[in-house]
Every structure is written in structure tokens, then in C-alpha cells.
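Based on the sequences and whatever the hints tell you, model everything.
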Amino acid sequence: MIDFIAATMMLAGASLALIASIGLHRLPDLFSRMHAATKPATLGLVLTLTGVAIALGDLSAGAKLGAVIIFQFVTAPIGAHLIGRAVYRAGTELSPNTSVAESVDAALRGDSQVDGDESRG
Amino acid sequence: MALITTIALGLLATAAGLCLARLVRKGSVADRIVALDTLLVILVSGIAVFSVRRGDDVYLDVLVVTALLGFVGTATVAQYIDKRGTR
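As they're listed, the protein sequences go chains A and B. Under our numbering, the first sequence has 36 at position 5, and the numbering climbs by one with no breaks. Under our numbering, the second sequence has 150 at position 48, and the numbering climbs by one with no breaks.
Hints are computed from structural coordinates only; laboratory data are not their basis. Errors might be hidden in some of the hints.
Said to hold, decoys possible - Here are the simulated distance ranges between beta carbons:
1. B:V126 <-> A:L90: 37 to 43 Å
2. B:K128 <-> A:L90: 45 to 51 Å
3. B:D163 <-> A:G88: 16 to 22 Å
Said to hold, decoys possible - Examples of chain B residues lying across from chain A (beta carbon under 10 Å, computed):
4. T107
5. R124
6. V126
7. R127
8. L141
9. V143
10. L162
11. L165
12. T176
Unchecked claim - Output of the computed footprint for chain A on chain B, the stretches with three or more beta carbons under 8 Å from beta carbons of chain A:
13. 109 to 118
14. 134 to 140
15. 149 to 155
16. 167 to 173
17. 178 to 184
Virtual Cβ for every residue (Gly too), placed ideally from N, Cα, C.
Below, the structure written as C-alpha cells:
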């Protein structure tokens, strides 16, 4: 039973990783590709690592895998935010289906000016 | 468990191949770093599954380091794009 749960989680995680990388090819612009790269990939990693921890059934292995899971949960959104903000400020072509709220646009561009003044001044 | 890990590693290898294709294909710096980030996540999953296959947990230390380095790389490229623009 333990093996069955571990196997299911590993296979589900690997499938999600595959879905994420298919998304990297199929989605139209950078921001939607980032959606594919962060969400399914993170869930896939969490499922795989949980399955591995169950399969190994070892406390020290579980602790290391738990640390990686927590680390991924903390860094994936931060990394995606950094890349997304930098690219949006630098200007990139958006798919016609991607819409940006005015307030978000203003906030991102306004921030950009302040940052630019600081770094150049 | 050997069959399961073989299937899982096959799925992960296909995913890694697709990421690699995205990485090499013509695209902006941002496209490439997003693909590289995904590739690292897949690599971490792959090493974990491989350690189940070998029944040995010495590989797990690699995971912690790889996860850390992936984030540092992403943050660095974000800084680069902020300064030089995407291309």
C-alpha cells in the first residue's frame, strides 16, 4: 500500500513535469509560459519528492526532501516575480489575449522610474 | 518499484528534452532562463527518483544545492534584464 501511494505520487509528479515543459512550447507569450514553468512544475516537484520520501521511508531523507520542498515553495514565486517584473519593465510583446490591468501597469512602470533614478543617481 | 522508476524517469527525460529544446531554440534571455529554471526543477525530481531506484539516499544532498543554485541563477538574470533589457 505504501509502495502504491509512493508510485502514484512519483508518476503524477513526473507527468506534471512533462505537462509543464509542453506548456513551455505551446503557450503564446512569456508570461503565460512562466505560468507553465512555475505552477505545474512546482506541484510536480512536490508530488515527486513526497513520493520519494514515502518510498525511502527514512527520516533523514524525508528531512532533506522536506527542506527542498519548502525551499521551492519560497523561491519559485519570488523568482517568477523577479523575472516577470524585469521583463515587463524592459518591454516585451504580449499575446493579444494577454490583458494587463491599468493599475498594475502603472505600479510596475512607476516603480521602474524610482528604481532607475536610484541606480543611475 | 523498478518499473515505476523507469516510467517516471522516462517521463522526466522527455520533459527535460523539451525544456532543452526550448532553451536552445531562438528566444529572448527571459525565455531561456524560464526554460532553464524548469529544467533544474525536472533535474531535481529526476535525481530524487533515481535515488529511489538505487535505494540509496546519498544523492539527496545534491538536491538541496541544486534547488539553491537555481534560484540564485534566476535572480541574477532578473538583475541582468533590469539593467540591459531583454533580447
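Going through the hints against the structure:
Checked against the hint of 37 to 43 Å, the pair V126 (chain B) and L90 (chain A) passes, with Cβ atoms roughly 41 Å apart. Between K128 (chain B) and L90 (chain A), the C-beta spacing of about 47 Å keeps the proposed range 45 to 51 Å intact. Here the CB-CB span from D163 (chain B) to G88 (chain A) is close to 18 Å, well matched to the stated 16 to 22 Å. For T107 (chain B), the shortest C-beta to C-beta distance to chain A is roughly 7 Å, which falls under 10 Å, so the interface hint holds.
The beta carbon of R124 (chain B) comes within 5 Å of a beta carbon in chain A, closer than 10 Å, and the hint placing it at the interface holds. The interface hint given for V126 (chain B) is broken, as the beta carbon of that residue sits about 12 Å from the closest beta carbon of chain A, more than 10 Å. The interface hint given for R127 (chain B) is met, as the beta carbon of that residue sits about 9 Å from the closest beta carbon of chain A, less than 10 Å. The beta carbon of L141 (chain B) comes within 8 Å of a beta carbon in chain A, closer than 10 Å, and the hint placing it at the interface holds.
Because the beta carbon of V143 (chain B) sits about 5 Å from the nearest beta carbon in chain A, less than 10 Å, this interface hint is met. The beta carbon of L162 (chain B) comes within 4 Å of a beta carbon in chain A, closer than 10 Å, and the hint placing it at the interface holds. The interface hint given for L165 (chain B) holds, since its Cβ lies 5 Å from the closest Cβ of chain A, which is under the 10 Å cut-off. The criterion of a C-beta within 10 Å of any C-beta in chain A is met by T176 (chain B), whose closest approach is roughly 4 Å, and the hint holds.
Interface restraint, the segment 109 to 118 of chain B with chain A: holds (8 residues with C-beta to C-beta distance below 8 Å; minimum three). Under a criterion of three residues with beta carbons nearer than 8 Å to beta carbons of chain A, the stated coverage of the segment 134 to 140 of chain B is upheld, 5 such residues being counted. Only when three residues or more bring their CB closer than 8 Å to a CB of chain A does the claim for the segment 149 to 155 of chain B stand; here the count is 4, and the claim holds. Note: the segment 167 to 173 of chain B has 4 residues with beta-carbon separation from chain A under 8 Å; the three-residue rule is met and the coverage holds.
Counting residues of the segment 178 to 184 of chain B whose CB falls under 8 Å from any CB of chain A gives 5; the rule of at least 3 is met.
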